[in-house]
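**Q** Here's the letter readout for the chains.
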Amino acid sequence: MIELLSQEKCISCNQCVNVCPTNVFEKVEDGIPVIARQSDCQTCFMCELYCPVDALYVAPDSETPLPVSEEELESSGLLGGYREKVGWGPGRTPVSKHEYMYQLAVKTSL
Amino acid sequence: MSVQQLNDLVLDTDVLVIGGGPAGTWAALTAAGNGAKVVLVDKGYCGSSGATAPSGTGVWYVKPEEKLREEAKGSRYTLGGHLAESRWMDQVLDRTYENMNKLAAWGYPFPLDDSGTPYKRGLQGPEYMKLMRKLVHKAGVKILDHSPAVELLADEHGVGGATGVRLQAGGTWTVRAGAVIIATGGCAFLSKALGTNVLTGDGYLFAAEAGAELSGMEFSNAYAISPTFSSVTKTAYYRYASFYYEDGTVVEGAGSTRGRSVIARNLLQGRQVYARLDQAPEDIHRLLRVGQTNFFLPFDRLGINPFTDKFPVTLRLEGTVRGTGGIHVIDESCATIVPGLYAAGDAATREFICGGFTGGGSHNAAWAMSSGSFAGGGAANYVKKLGERNETRKLRGLSSTTLTHRKTGTPEALTASRTQERIQAVRDEVAPYDRNLFRTDEGLSQSLDRLDDLWKDIRGSVSTRDAEGVKARETAAMTATARWMYRSAQARTETRGMHKREDYPKMDAAQRYRLVAGGLDDIRVRKVEVAEPIAALKEGAH
Numbered sequence: 053m054i055e056l057l058s059q060e061k062c063i064s065c066n067q068c069v070n071v072c073p074t075n076v077f078e079k080v081e082d083g084i085p086v087i088a089r090q091s092d093c094q095t096c097f098m099c100e101l102y103c104p105v106d107a108l109y110v111a112p113d114s115e116t117p118l119p120v121s122e123e124e125l126e127s128s129g130l131l132g133g134y135r136e137k138v139g140w141g142p143g144r145t146p147v148s149k150h151e152y153m154y155q156l157a158v159k160t161s162l
Numbered sequence: 372m373s374v375q376q377l378n379d380l381v382l383d384t385d386v387l388v389i390g391g392g393p394a395g396t397w398a399a400l401t402a403a404g405n406g407a408k409v410v411l412v413d414k415g416y417c418g419s420s421g422a423t424a425p426s427g428t429g430v431w432y433v434k435p436e437e438k439l440r441e442e443a444k445g446s447r448y449t450l451g452g453h454l455a456e457s458r459w460m461d462q463v464l465d466r467t468y469e470n471m472n473k474l475a476a477w478g479y480p481f482p483l484d485d486s487g488t489p490y491k492r493g494l495q496g497p498e499y500m501k502l503m504r505k506l507v508h509k510a511g512v513k514i515l516d517h518s519p520a521v522e523l524l525a526d527e528h529g530v531g532g533a534t535g536v537r538l539q540a541g542g543t544w545t546v547r548a549g550a551v552i553i554a555t556g557g558c559a560f561l562s563k564a565l566g567t568n569v570l571t572g573d574g575y576l577f578a579a580e581a582g583a584e585l586s587g588m589e590f591s592n593a594y595a596i597s598p599t600f601s602s603v604t605k606t607a608y609y610r611y612a613s614f615y616y617e618d619g620t621v622v623e624g625a626g627s628t629r630g631r632s633v634i635a636r637n638l639l640q641g642r643q644v645y646a647r648l649d650q651a652p653e654d655i656h657r658l659l660r661v662g663q664t665n666f667f668l669p670f671d672r673l674g675i676n677p678f679t680d681k682f683p684v685t686l687r688l689e690g691t692v693r694g695t696g697g698i699h700v701i702d703e704s705c706a707t708i709v710p711g712l713y714a715a716g717d718a719a720t721r722e723f724i725c726g727g728f729t730g731g732g733s734h735n736a737a738w739a740m741s742s743g744s745f746a747g748g749g750a751a752n753y754v755k756k757l758g759e760r761n762e763t764r765k766l767r768g769l770s771s772t773t774l775t776h777r778k779t780g781t782p783e784a785l786t787a788s789r790t791q792e793r794i795q796a797v798r799d800e801v802a803p804y805d806r807n808l809f810r811t812d813e814g815l816s817q818s819l820d821r822l823d824d825l826w827k828d829i830r831g832s833v834s835t836r837d838a839e840g841v842k843a844r845e846t847a848a849m850t851a852t853a854r855w856m857y858r859s860a861q862a863r864t865e866t867r868g869m870h871k872r873e874d875y876p877k878m879d880a881a882q883r884y885r886l887v888a889g890g891l892d893d894i895r896v897r898k899v900e901v902a903e904p905i906a907a908l909k910e911g912a913h
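Protein chains in written order, with my numbering: chain A, 53 to 162; chain B, 372 to 913.
Be aware that one or more of the hints could be misleading.
Unchecked claim - Stretch by stretch, here's where chain B covers chain A in the computed footprint (C-beta under 8 Å, at least three residues):
{"no.": "1", "stretch": "60 to 69"}
{"no.": "2", "stretch": "81 to 88"}
{"no.": "3", "stretch": "132 to 139"}
Unchecked claim - Computed cross-link-like contacts, DSSO-like style, restricted to lysine-lysine with a CA-CA straight-line distance of at most 30 Å:
{"no.": "4", "chain 1": "B", "residue 1": "Lys755", "chain 2": "A", "residue 2": "Lys137"}
{"no.": "5", "chain 1": "A", "residue 1": "Lys149", "chain 2": "B", "residue 2": "Lys778"}
{"no.": "6", "chain 1": "B", "residue 1": "Lys755", "chain 2": "A", "residue 2": "Lys159"}
{"no.": "7", "chain 1": "B", "residue 1": "Lys505", "chain 2": "B", "residue 2": "Lys755"}
{"no.": "8", "chain 1": "A", "residue 1": "Lys79", "chain 2": "B", "residue 2": "Lys765"}
{"no.": "9", "chain 1": "A", "residue 1": "Lys159", "chain 2": "A", "residue 2": "Lys61"}
{"no.": "10", "chain 1": "B", "residue 1": "Lys509", "chain 2": "A", "residue 2": "Lys137"}
{"no.": "11", "chain 1": "B", "residue 1": "Lys756", "chain 2": "B", "residue 2": "Lys509"}
{"no.": "12", "chain 1": "A", "residue 1": "Lys79", "chain 2": "B", "residue 2": "Lys509"}
These are calculated hints, taken from the structure and not from any lab test.
Since the model is a prediction, treat every value here as computed from it, not as a measurement.
Ideal placement from N, C-alpha and C gives every residue a C-beta, glycine not left out.
Bound-form chain B, shown alone (with noise of 0.2 Å):
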């Protein structure tokens, strides 16, 4: 960092926040609200980024009445294989029911219930997130677009700010504060399923160099039903989907939740599956149109109607995205083992609520806008408690591959399409369904061989700090993200959650626990205690 160049900025603050989806929103917004000098850096445009902006969500809002929550904690509590925990889960359900009021306060145009109150249940991306920006704005935090992240900087004491890449502007940036959240979304591999292009894992790279760890790496695995011409990765309208071959028999066993394996196995035998939404009671159908605005659109483009039609699905990997998988979290204010860092949204790790499996969209956006507000009151606490200590910290750059301001001497193309080879390579074994959905030891074993040489090959490079240097660090982080995955799935020997193995296809009942796992380039994984399992709910899940 002795290089500094016309266009570099270097900016203070309390608390740094990377990311602005609605963790990272919600983190700034709390943050500046328990006082803290907030900045929010996003690698695209804070409003539009991410999986949440493009898409409409539900939200896990239940009304703090003990029958509902009861059952609202029980709902998934199976399907998750039992890695929930219920002082979590009433925490979240608590923070989800106190943020999604005000959202209405602030002026969300939530419909009308048949009694004029607003109906809190859902969300549509584009409206939420524009009006989250507008708020964060107001609340005085420092907004920089366009600007990714490459590394954090840290002392002795702990993390201590990051720098990034200013993709419009030109140069770099460079803010010390002294707090830094994770807000950077899950990793789905460049999937293109709706939003998630700018979701690589960078997160869970910048805290596995500081000193974090990542756990439920194993629930890594989602794959959403997508026509095979669009990008919309809306599942669940499927629930109203038949499943067809070519020639119009019908798939037996398909389905959007628990059939999803047999539409993978096909598609793994070279057959295509066809989907046709022929079980949706034709009152609805015009309900459904608004409910899921961006659903129709591929449709609606390309002249299909997909109630009456016949259309090819595929399956597009989500990766951690809809996997549960994360940065690990040691308190309630979503604090890492590092001091200084905070972990939010899909960044962190989801199993608290979710165990193994999320079954859709609602439980995210619960998570993503109490563990942000969680976050963000516990950065700005431990900024209070540092002190005047923050202003003359000696930070240091943590990335574990060599990063420069100077040109490198490779030719810009050279480069650009090794990035592009080394991305082909991790997507080689993370995309397929018979390596990443239906999991074996072999399989698993060589993806390893072949990522952890291509983690070496990465690890001897070197970035610069430009836009192609971020395309570098963010294949450095999908290298690594897939190895703590597999690493970690080949560590449990049974089929949980999400986590399918097809050697072990069975539950364990030994194995409740979560893994957790650490390191870059040797990954240890270690098993971590799960509290008491919720008998209660056990009974009541379905």
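Just chain A, same shape as in the assembly (with noise of 0.2 Å):
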């Protein structure tokens, strides 16, 4: 679920409180967002692809909370990792895009 809305990255855009299915996120008068109801996450990372600056991490567990240290996933390249993945962010191509997707669908019948 998610563990992390770091305080430094974050520039109050509410994009995460509008695209959560589960409404986790709650807006902030004059301030950042907050992780106001953890337990509702269902942990979709759907947060995360719309976060433009990398300022969301869910962890893979849904059911237990796990605090998380925002230096670590930041030294191991966890913060922001997914949004790279899917190829969303200036600059990037989308991963549907990718060449591998109908190479695999040549080699197997996936």
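Make one complex out of these two single chains by using the hints.
**A** Shown next as structure tokens:
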């Protein structure tokens, strides 16, 4: 579930508040949003994709909260890692276009 | 609806679409394309809500060549227990082909094949649903996000709108509409299977409250393989998995398709099963990593290499999301038996193209985009015929549980904890493998006794038109869904498609019919004939 909303990185665009399907975040007047309902997080990772500054981190475990260290996530390249792989963000190519998508279909029946 | 509050929103429209996933967005787009004024409401966010948005999916995209089409139609016919129908499969294959070509023209970034032509056999959820939202918006559809519906509105002529709650804006919404399309997805009972926690069977309940019926609810026990530590329920890659016990010995017979029961039986006996994708040839590892980016996400985050490391797996309930049961539709416009009410996507029965089993996402994706367009077109035409009458209708709410604008007097914390208890009570009946996956008359009867009591309890309760009330309505929907599932499962005394009866382990040729359930307090299950078996497909099936 959602574990991090980086105080340093967040630019208060509130995209996470908009896109979260289970309404986990809450807007804050004159501030950055907060994770208001962590237990409602369904661990779908969509907020990470829509965050323009990679300020969010969703830990894979959907049942149990697992506090994380922003520093460690940053140094291991996990912050924004999913968005990069999906190919969202300026100058990136959507993974949906990746030549491997077609090659995989040719080599397997996937 | 007498108490009007500050933030209450009231809109008039031709077509109201409830649900903003693939089926809902295709419905909205098609209705708007047919000249209808459209409002689309989503309980979350149209673009990220539902099972499709966070996933990648194959699509049943088959060129209109006779041989290819016949093969496609036959490929899952036997698996589905011969309950699919040729005419429906043709119609869905045609519309899916057309819609996928439209997506390419509208700018969906497909990969290119060797000749530089877009290769249209799959869709990446985030990209697909981002585009669908943009298209729906461009078509002039009014989108209300974070606006779950709580009940339909109707008069003696049929359904005429819905009301709901504005979770972020505050207050309620009321949309008066000539026709309503339910595209609320299936029901996975809050199992946290990827993207499914918004899918609580709400649309089934709304439809049944309006008098519509549900078909194939016995085909509702899909379980997906997933790592124990993850919500990611993409099962396609487990075809490359070997399954092991903790000591490293192989679990005989375990597999991702027919061997899922073996995994379940081990888990039931308290024996943890581990998987490793060691059957995947090394030269496709990097292709697989790109093919389903999100499959690898939990592994990467935990430093596990699923090709070389064993990891513990579980089976996560996907209910009717990957089952095939849903609202019974009566014609090619996806109309229900209730005038003005249409159903599309996972909310509608998928038996017409899958029978009692869906072997994966591609049929579901095809059904969502085609049934969405059918319903959108059907609803728009219906509204045209309705004419001006729409303006003067006296509509009333159809909720089977009492809804109120005012506070009920019960402390909020108490209401919330009651709802949590009820959710747990439903989950206790539908999640266990020895109740839902492996069914017996005894087990189903016991579950139904408890579920009937729970339903009575819920029926007598009052819920508020706010976030907490929405959860209470979701709980009512899940309880009702479980009861339609198990009543239907009890009536089908055989094993067919995904419906497994321990006490009737064989398919019974005499039971090749659909089971259609209806009713809220008293559930009736009736038999409906299926089109003639497709002999040619039966032979070609594998």
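**Q** May I ask which of the numbered hints given earlier this structure violates, with the numbers listed in increasing order?
**A** 1, 2, 4, 5, 6, 8 and 9
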